[in-house]
Amino acid sequence: MKFKVPERLQPTIREIKFILRRIKDTPLSLFGIAIVMFFVVIAAFAPLLAPPVPGLNPYLIPSDPALGFRVEPSPPSPKHPFGTTLLQRDIYYGCIWGTRWAFQVALEVIIPIVAIGVVLGLIAGYYGGVIDEILMRFTDIILAFPGLILAMCLVTVLTQANWTTIDSVLLSIILIGWPGYTRLIRGETLRVRNEDYIEAARASGASDLRIMFRHILPNTIYSIIIVASLDFGGIVLTTAALSFLGLGAPTGWADWGRLIYDGMGFVSGGLRWWWSWVYPGVFISLFVLGWSLLGDALRDVLDPLYRRK
Amino acid sequence: MGLREYIIRRLILLIPVALGVIVLIFALLQVVPPTRRVFVFLSGNPRELNPEVLKSYIHMYGLDQPVWVQFAVWLNQLLHGNLGFSEITGPVLDNLLRRAPATIEIVIYSAPLIILIGIWAGVNAAVKRDKPFDHVSRVLSVLGTSMPSFFFGIALSAIFIATLKWTGTGRLSPNLDSHLTTLRGLGQWHDYTNMVTIDALLNGRLDYFIDGLKHLVLPVTVLVFINTATLVRVARSSMLEALSKTYIIAARAKGLSQKEVVYKHARRNALIPVVTLAGLIVGGMMTGLVITETVFQFPGLGNWAAYAAQRFDVPVVAAYALFSAIVFVLANLIVDILYAYIDPRIRLG
Numbered sequence: 001m002k003f004k005v006p007e008r009l010q011p012t013i014r015e016i017k018f019i020l021r022r023i024k025d026t027p028l029s030l031f032g033i034a035i036v037m038f039f040v041v042i043a044a045f046a047p048l049l050a051p052p053v054p055g056l057n058p059y060l061i062p063s064d065p066a067l068g069f070r071v072e073p074s075p076p077s078p079k080h081p082f083g084t085t086l087l088q089r090d091i092y093y094g095c096i097w098g099t100r101w102a103f104q105v106a107l108e109v110i111i112p113i114v115a116i117g118v119v120l121g122l123i124a125g126y127y128g129g130v131i132d133e134i135l136m137r138f139t140d141i142i143l144a145f146p147g148l149i150l151a152m153c154l155v156t157v158l159t160q161a162n163w164t165t166i167d168s169v170l171l172s173i174i175l176i177g178w179p180g181y182t183r184l185i186r187g188e189t190l191r192v193r194n195e196d197y198i199e200a201a202r203a204s205g206a207s208d209l210r211i212m213f214r215h216i217l218p219n220t221i222y223s224i225i226i227v228a229s230l231d232f233g234g235i236v237l238t239t240a241a242l243s244f245l246g247l248g249a250p251t252g253w254a255d256w257g258r259l260i261y262d263g264m265g266f267v268s269g270g271l272r273w274w275w276s277w278v279y280p281g282v283f284i285s286l287f288v289l290g291w292s293l294l295g296d297a298l299r300d301v302l303d304p305l306y307r308r309k
Numbered sequence: 001m002g003l004r005e006y007i008i009r010r011l012i013l014l015i016p017v018a019l020g021v022i023v024l025i026f027a028l029l030q031v032v033p034p035t036r037r038v039f040v041f042l043s044g045n046p047r048e049l050n051p052e053v054l055k056s057y058i059h060m061y062g063l064d065q066p067v068w069v070q071f072a073v074w075l076n077q078l079l080h081g082n083l084g085f086s087e088i089t090g091p092v093l094d095n096l097l098r099r100a101p102a103t104i105e106i107v108i109y110s111a112p113l114i115i116l117i118g119i120w121a122g123v124n125a126a127v128k129r130d131k132p133f134d135h136v137s138r139v140l141s142v143l144g145t146s147m148p149s150f151f152f153g154i155a156l157s158a159i160f161i162a163t164l165k166w167t168g169t170g171r172l173s174p175n176l177d178s179h180l181t182t183l184r185g186l187g188q189w190h191d192y193t194n195m196v197t198i199d200a201l202l203n204g205r206l207d208y209f210i211d212g213l214k215h216l217v218l219p220v221t222v223l224v225f226i227n228t229a230t231l232v233r234v235a236r237s238s239m240l241e242a243l244s245k246t247y248i249i250a251a252r253a254k255g256l257s258q259k260e261v262v263y264k265h266a267r268r269n270a271l272i273p274v275v276t277l278a279g280l281i282v283g284g285m286m287t288g289l290v291i292t293e294t295v296f297q298f299p300g301l302g303n304w305a306a307y308a309a310q311r312f313d314v315p316v317v318a319a320y321a322l323f324s325a326i327v328f329v330l331a332n333l334i335v336d337i338l339y340a341y342i343d344p345r346i347r348l349g
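Chains as they are written, first to last, in my numbering: chain X, 1 to 309; chain R, 1 to 349.
To be clear, the hints were calculated from the coordinates, so they are not data collected in a lab.
Watch out, some of these pointers could steer you wrong.
Examples of chain R residues toward chain X, derived with CB under 8 Å [what the hints assert, rightly or not]:
| id | residue |
| --- | --- |
| 1 | M147 |
| 2 | A162 |
| 3 | A321 |
Below are the DSSO-like pairs computed for lysine-lysine, each with C-alpha atoms no more than 30 Å apart in a straight line [stated by the list, open to error]:
| id | chain 1 | residue 1 | chain 2 | residue 2 |
| --- | --- | --- | --- | --- |
| 4 | R | K259 | R | K245 |
| 5 | X | K24 | R | K128 |
| 6 | R | K264 | R | K131 |
| 7 | R | K245 | R | K131 |
| 8 | R | K128 | R | K214 |
| 9 | X | K24 | R | K131 |
For each residue, glycine too, the CB sits at the ideal point set by N, CA and C.
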């Protein structure tokens with residue numbers, strides 16, 4: 001029996017086929033997708049790749065008591081393929097669980113950012129007027145700061161108010177991230193607001209909410225996907241930069257930035273303890289690279305300005 | 001509308017943003033308990049800081065009063081140049097002024113390099129589209145945006161400082177640095193600008209100039225590598241667009257040489273949108289400086305802010321955030337004015 005595709009889905013299927021063909025033709029996009037898939041697999045199978053000690057928080061890197069409690073890192077060995085760092089913590093474990101942590105951080109930040117951006121952007125773009133003016137001036141103020149510096153300030157202040165560093169890092173990156181999305185979605189809303197089909201929906205009695213979420217939002221979805229995937233690596237990079245400044249995950253946490261921060265203590269030894277900062281550095285660079293290539297690829301296939309060139 | 005009116009209008013628009021920035025920082029500070037927040041208000045150098053004294057300060061600066069009173073007091077302090085007092089490093093404004101020259105020195109060397117390399121590479125990549133130059137510059141710019149600046153900095157530091165010992169951390173080698181005090185005492189060294197390389201030249205000390213320059217090479221390399229990437233990408237796509245315009249076809253049809261077409265006709269037009277990136281680069285530098293100065297223990301503003309953040313030193317971090325926002329906003333203002341100056345369509349449209 002031949003499976004018959006319903007008539008209604010035909011355009012969607014044509015679209016997916018077109019996208020897949022475009023991606024197949026650009027090797028850099030394929031490379032980006034391969035890197036991201038590689039990290040997805042690592043994150044998904046972290047408990048198998050690096051089994052955590054039962055009963056302990058899996059994000060805490062275990063120390064190896066067999067190596068004693070020396071401070072200096074031990075070189076890579078069969079038992080510790082990437083060597084160990086400060087206090088004999090296994091770097092391989094840190095890199096694997098760090099991948100899962102990176103995904104967790106990025107998702108915990110990007111979902112609220114996009115949600116806030118969608119709601120505020122739609123409101124600002126659709127209603128315009130005073131609400132739009134107030135919201136846009138507010139985004140102006142936040143965007144007047146270089147992101148990392150405002151985040152640094154937020155973390156400092158929030159930890160004074162007894163927040164844990166990890167929570168304050170997440171919250172501060174959300175707070176510096178939403179204005180960009182609000183502006184993006186506002187711009188897209190303005191672009192389609194006066195189209196005929198919006199007018200038609202309004203004439204047929206659709207409510208404002210319905211117009212915003214059923215008619216305008218689907219038209220902005222591509223831009224959101226493109227920017228979000230370009231941002232995915234950026235969020236991890238900002239988190240790592242904060243960790244590197246000592247504002248973020250505590251020592252021993254499976255966080256790439258924190259591992260590099262701990263490794264920096266051994267830089268005075270030159271290349272003698274290279275593994276303590278090279279492995280986490282390579283992981284984070286590849287992660288960001290993968291997402292930015294994927295974002296570029298998505299822009300090439302999804303953005304109407306680029307796609308048919 | 002003339003350029004002058006345009007500038008005036010931009011300046012007026014600046015006021016609400018500047019005020020907003022101050023209000024935002026003030027709102028953030030409300031999260032901090034009064035006994036810690038009071039340090040943001042303190043002026044001068046208070047001698048002893050026991051709980052009794054702090055309590056009197058809390059009363060004196062109105063921290064037990066409604067929020068708007070506190071804001072008025074703080075704004076008044078800011079307008080009088082009082083940025084507060086840090087328990088760790090002392091009066092905030094003094095430190096800001098003392099550390100600024102080191103940072104300005106890095107910026108003086110990196111900014112021109114970023115702009116020159118970025119535009120040169122971007123324009124060339126577009127002209128030599130899909131040739132090896134284009135591919136290499138693309139790979140480098142992707143690396144520049146993907147590799148964390150601190151990872152790059154640590155790698156450079158491990159190779160060139162710890163292993164090869166070509167240069168060191170800080171602004172000067174320890175022996176030259178300690179000799180500086182003697183030289184000052186002998187009247188053979190005057191601090192004109194507090195920028196090592198410039199002062200060395202003004203004092204005629206070539207050894208200090210070379211040593212200072214050697215200490216600047218690595219931080220400048222990191223800043224340039226990280227910040228050039230975006231510029232290259234934008235310059236490239238802007239140049240590609242310019243090259244596809246009809247006036248380029250007209251120029252070619254006229255029989256102009258490739259060189260004239262590329263540099264006289266296409267590049268001039270392609271660089272107009274690139275100017276707007278300058279503001280973004282200033283923001284990138286402010287962020288990059290925090291990381292770079294920390295990696296190379298360079299005693300500038302970024303290092304000071306990072307050190308303060310690690311110790312949750314609220315007054316310093318708040319002051320640095322305020323300072324960088326103001327610099328960022330001013331940079332964007334200058335960019336807008338430049339843009340309007342270069343492209344009449346902006347101010348006339």
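For this session: Output the numbers, in ascending order, of every earlier hint that fails for this structure.
Result: Result: hint 8 breaks, nothing else.
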